[in-house]
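Here is how the chains run, residue by residue.
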Amino acid sequence: MPNPLSDVLVIVPAHDEEESLPATLDEVARKAPGVDVLVVDDGSHDRTAELARERGVPVLRHPVNLGVGAALQTGFRYAVERGYAIGVQLDADGQHDPAALEGLVAPVRDGACDVAIGSRYVTRSDYRAPLARRLGMVLFSGVVRIAVGVRISDTTSGFRAYGREVMEVCRWDFPKDFPDAPLLIALARRGFRLQEVPVTMRRREAGRSFYTLGKSLYYPYKNMLASLMALLRRPT
Amino acid sequence: MTFLSRAQIIVALGAVALALVVLDLVRRRRLSEEYSLLWVAATAVIAVLGFSTPLLQALTRGLGILYEGSTVFAFGLAFALAMLLHLSIKLSRMGHENHVLAREIAFLRLELERLRDGGDRGNA
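Residue numbers (this note's numbering), protein chains in the order written: chain A, 210 to 445; chain B, 1455 to 1578.
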C-alpha cells in the first residue's frame, strides 16, 4: 500500500523552539513515518535550525524574524516548487498530535475541502484556553461566520492542511503576522472551501507562544481591520 | 506696500534655511532626490507665504481663516501630515520587500547547503 502521506509536506514554523522542536520532529517521524517535513526557522537565536538539520530535516532559515504567517508562506513556496499536493501546518511546540495528520489531510485529498482546520472545539476535549484567547476565538469565529458564512469554531488553530491551489495563491498573498480570521475570509472569498476537523490538542510543552502580551493588544485591532479589508478587497 | 512682521520674517528665513539644508543634503547624497521633492516644495510654499504679505492675506481671506499666522501653520501641518503618510507607505513597502528578500536568502542558503553537502559526498 502506498504511503498516504507521500505527497504531503509538514511545514513547521519555528522561532526559538530548541526545547520542544526535537521532540516534535521525533514524534512526527514516529507517528507519521515517511512524511516529508520542512522546518522554517523564523530568525531564531537558539539551536532550532541546527537541531532540525541533525535529524535530517531540511531547514529554511529567515535571517530575521518575520512572523508566523511569513514563515508559513515560505513553507508554501517550498511545497509548491517541489510539487507537494498538500501542505500541513504543524506547530513546533508539540501542541499538535502528528497521529491526527492522516485525518486532517483526508478531506483535502478527497476534494471535500481546500483547507482543513484542525479544531479542538468540534468535539469536547480537556483543553481549556486562557480567557482572553477564548473571547478572541468567539469573536473571530463570529466575524468569519458573518463575513463568509462559514462556521469555524477556532480560527486561530495552527494545525491545518492546505491544498495545492491554496498554497499557490498564498505564496503571493498572505498575512504576515497572524494567519487567522482574515486569511480564512480571504480564502473563502476566493472560493476555497474550509472545513473543520476535530483533533485533540495538548498544552504547550516549552518555549514561548507567538501570541505574546504586547501582541495581544495589537491582535484584535489588526485582525478586525484585516478581516474587514479581506471583505472589501476584490478576490483576484 | 505692507511691512513684513517680525514673525513673518522669521518664518520665511527659517523656510529658506531649511530649503538650503535639504538641497545640501541632496548634494552630499545623504537624501535622495525623490524624498527632497516634498521638502523643497513645502519650504518654497512657506517662504513665498512668509515674504508676500498680500498673497498671504488674500489666501487667508479666501480660505476663511481669521489670522494670517494660522494659514502658515495650516500649510506646515498639511505638509507634515503628507510627509508622514508618504513615509508610512514607503515603510510598508520596504517591510514587504524585506520579507521577500529574507525569504529569498532562506531558499538560497538551503540550496547552497545542499550543493555543499552533495559536493562533500562526491569527494569522499
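One or more of the hints may lead you astray.
Beta-carbon label-pair distances, calculated as ranges [what the hints assert, rightly or not]:
| id | chain 1 | residue 1 | chain 2 | residue 2 | range |
| --- | --- | --- | --- | --- | --- |
| 1 | B | R1460 | A | Y427 | 25 to 35 angstroms |
| 2 | B | E1488 | A | R354 | 37 to 47 angstroms |
| 3 | A | E263 | B | M1537 | 46 to 56 angstroms |
| 4 | A | R443 | B | L1564 | 30 to 40 angstroms |
| 5 | A | R442 | B | P1508 | 23 to 33 angstroms |
| 6 | A | R264 | B | L1539 | 43 to 53 angstroms |
| 7 | A | Y427 | B | E1488 | 27 to 37 angstroms |
| 8 | A | D382 | B | R1570 | 25 to 35 angstroms |
| 9 | B | H1540 | A | A321 | 41 to 51 angstroms |
| 10 | A | E311 | B | R1483 | 27 to 37 angstroms |
| 11 | B | A1471 | A | P272 | 38 to 48 angstroms |
Just so you know, these hints were derived from the structure itself, not from any lab. Even glycine gets a Cβ: it sits at the ideal position worked out from N, Cα and C.
Comparing the hints with the structure gives:
1. Between R1460(B) and Y427(A), the C-beta spacing of about 47 angstroms breaks the proposed range 25 to 35 angstroms.
2. With their beta carbons about 45 angstroms apart, E1488(B) and R354(A) fall inside the hinted range of 37 to 47 angstroms.
3. A C-beta distance of roughly 51 angstroms is found between E263(A) and M1537(B), which places it inside the suggested range of 46 to 56 angstroms.
4. Checked against the given bound of 30 to 40 angstroms, the beta carbons of R443(A) and L1564(B), roughly 35 angstroms apart, stay inside it.
5. The hint said 23 to 33 angstroms for the Cβ distance between R442(A) and P1508(B), and at roughly 49 angstroms that hint is violated.
6. Between R264(A) and L1539(B), the C-beta spacing of about 48 angstroms keeps the proposed range 43 to 53 angstroms intact.
7. A beta carbon spacing of about 31 angstroms between Y427(A) and E1488(B) agrees with the range 27 to 37 angstroms that was offered as a hint.
8. About 34 angstroms separates the C-beta atoms of D382(A) and R1570(B), a value consistent with the hinted range of 25 to 35 angstroms.
9. The hint said 41 to 51 angstroms for the Cβ distance between H1540(B) and A321(A), and at roughly 48 angstroms that hint holds.
10. The supplied range of 27 to 37 angstroms is broken by E311(A) and R1483(B), whose beta-carbon atoms lie about 60 angstroms from each other.
11. Distance hint check for A1471(B) and P272(A): the Cβ-Cβ separation is about 42 angstroms, which falls inside the suggested range of 38 to 48 angstroms.
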